[in-house]
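*Asks:* Top to bottom, those sequences are chains A and U. Residue 11 in my numbering is what sits at position 11 of the first sequence, and the numbering runs on without skipping anything. To convert, count from 1 in the second sequence and add 1000; that's my numbering.
Simulated from the structure, these hints should not be mistaken for laboratory data. There may be inaccurate statements among the hints.
Stated by the list, open to error - Derived EDC-like pairs (lysine to aspartate or glutamate); straight-line CA-CA distance at most 20 Å:
#1 A:300 to U:1030
#2 A:300 to U:1035
#3 A:305 to U:1037
#4 A:300 to U:1004
#5 A:305 to U:1035
#6 U:1019 to A:292
#7 A:300 to U:1018
#8 U:1044 to A:303
#9 A:266 to A:242
#10 U:1019 to A:291
#11 U:1019 to A:200
#12 A:32 to U:1010
#13 U:1007 to A:185
All of these numbers come straight from a predicted model, not from anything done at the bench.
What follows is the residue order along each chain.
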Amino acid sequence: MIALITTYFLVFYILVPGALFRFFTSWFVPLKLFERTRTQEATFAVAVALLPFAFALFGAWYLPVMKDRPFSVSGQSDSDRRQDYHRVAGILTSSDASRLLAVNPALTSPATQDNWHALNRVLRRQARFLTWYFLLTGCEGLLFGFLAGRYGDWKIIEDSTAQRPLLIRFYNWIAPRLILPNISEWYMLLTDFTWPRHEEIFVRVDILQNDGNLYQGRVADYFIDSAGKLTGILLEHVSRFDRQAYLDVKGDSKPTEYVSSTDFWKNIPSQNFYIGQSSISNLNVRFVPRDETLISLAEKILDNKYDVVVTPGETNSHQPDIYS
Amino acid sequence: MVVDVQKLSDALRRSSPEKDLRRDLQRLIDARKAEIDSTLESGKCYWLRVPDGRQIRISPRIQPAEATQ
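Generate coordinates for the entire structure from the input sequences, incorporating the hints supplied.
*Replies:* Given below as structure tokens:
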């Protein structure tokens, strides 16, 4: 019976809140994933559940709505509650619980009836407490996710001299301590998490493979395993550098002649180009401003004499290349 | 992999994507200015590949009067 009670507390008071927190946070940002031991998982869950637990307990005892709803019970005083828990603890630790909870009408006594009533009230109190506890843990997860999701907008850059509101300064104090340590580093590196949303930054990568192939493309998605390691990257608008052709042309040219490498990029006609981690030798990450910024910069550099358009990838010099 | 995400975040925010792009673009266009001008003067478009992989098409500016004709 003791094992059963321990399991109940472990599952409903520690593991379920931890899972709820992760679930709701993941609506905004992915948390750091790695294979934890049971102790590590329990430590994480306890840290996460501490505040909701304290608030739910306080609310279930003292706050007007929380102490009655849902699963209301008669006998709301502290002594009633203590008496019920004492009685139920006695039943659960008894070596002969069946005697105390006799279901045979012939054996039913007023004491047995009281035991059943106490058990019912305790179950209803537990259900009420857990309802608020889970709700508050979910809210905490949502709040954490929301705050983490605003990191790019609210992060104060070190060299910024602008005076920021107190709340933003508090956020910048708390973010490195609570939020960042729980965010996956790949999420930070391969998404626009660090940048303000209005800047519409996106991520492009140059990937050098073990066999010497060089690919360039926009990060559409990435995948990590349960240990938090990168397993692969999904790219879109991909191009491959034709190194052999470049070397051939360079070898045939005069030593003084400049051969531009930009002409040797070939587009790959795929919106879902997956590169597995095992074939990645080197990863160069670029944070790239939106197309409008590129256009306006190019027009400015060209003294506004010409029209500039960002094209989806076709050029007049290369046909799409089936990757080899 | 153990990464100091705070340092990573600071390092990322110290860089400026727009400044980097401006510098790359300036260098690229300066190196090809003559080529761009001659191509566009002959009425053709010029395609330029930006180091981040995007491609831009530079074409002669159509004057509003020409556009309405």
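*Asks:* CA of residue 32 (chain A) to CA of residue 1010 (chain U), is that 20 Å or under?
*Replies:* holds (18 Å)
*Asks:* Given the hint that residue 1019 (chain U) pairs with residue 292 (chain A), test it: the Cα-Cα distance must not exceed 20 Å.
*Replies:* Since the Cα atoms of residue 1019 (chain U) and residue 292 (chain A) sit roughly 14 Å apart, the hinted pair holds (cutoff 20 Å).
*Asks:* Would you mind confirming whether the straight-line C-alpha gap from residue 300 (chain A) to residue 1004 (chain U) stays at or under 20 Å?
*Replies:* Roughly 39 Å between the alpha carbons, so the hint for residue 300 (chain A) and residue 1004 (chain U) is violated.
*Asks:* Take a quick look at whether residue 305 (chain A) and residue 1035 (chain U) sit within 20 Å of each other, Cα to Cα.
*Replies:* Holds. Residue 305 (chain A) to residue 1035 (chain U) sits at ~15 Å (cutoff 20 Å).
*Asks:* Does residue 185 (chain A) sit within 20 Å of residue 1007 (chain U), going by the straight-line distance between their CA atoms?
*Replies:* holds (11 Å)
*Asks:* Is the hinted pair residue 266 (chain A) and residue 242 (chain A) satisfied, with a Cα-Cα distance of at most 20 Å?
*Replies:* holds (7 Å)
*Asks:* Run the distance test for residue 1044 (chain U) versus residue 303 (chain A): straight-line Cα separation, threshold 20 Å.
*Replies:* holds (18 Å)
*Asks:* Mind checking the alpha carbons of residue 300 (chain A) and residue 1035 (chain U) for me, to see if they're no more than 20 Å apart?
*Replies:* OK: residue 300 (chain A) and residue 1035 (chain U) at ~18 Å, within 20 Å.
*Asks:* Need the status of pair residue 1019 (chain U), residue 200 (chain A): alpha-carbon distance at most 20 Å?
*Replies:* holds (15 Å)
*Asks:* Can the restraint linking residue 305 (chain A) and residue 1037 (chain U) be considered satisfied, given a maximum Cα separation of 20 Å?
*Replies:* This hinted pair holds, its Cα atoms lying about 10 Å apart.
*Asks:* Taking 20 Å as the top limit, are the C-alpha atoms of residue 300 (chain A) and residue 1030 (chain U) close enough?
*Replies:* holds (13 Å)
*Asks:* With a cut-off of 20 Å on the C-alpha distance, tell me whether residue 1019 (chain U) and residue 291 (chain A) pass.
*Replies:* holds (14 Å)
The earlier numbered hint that this structure contradicts is number 4, and it is the only one.
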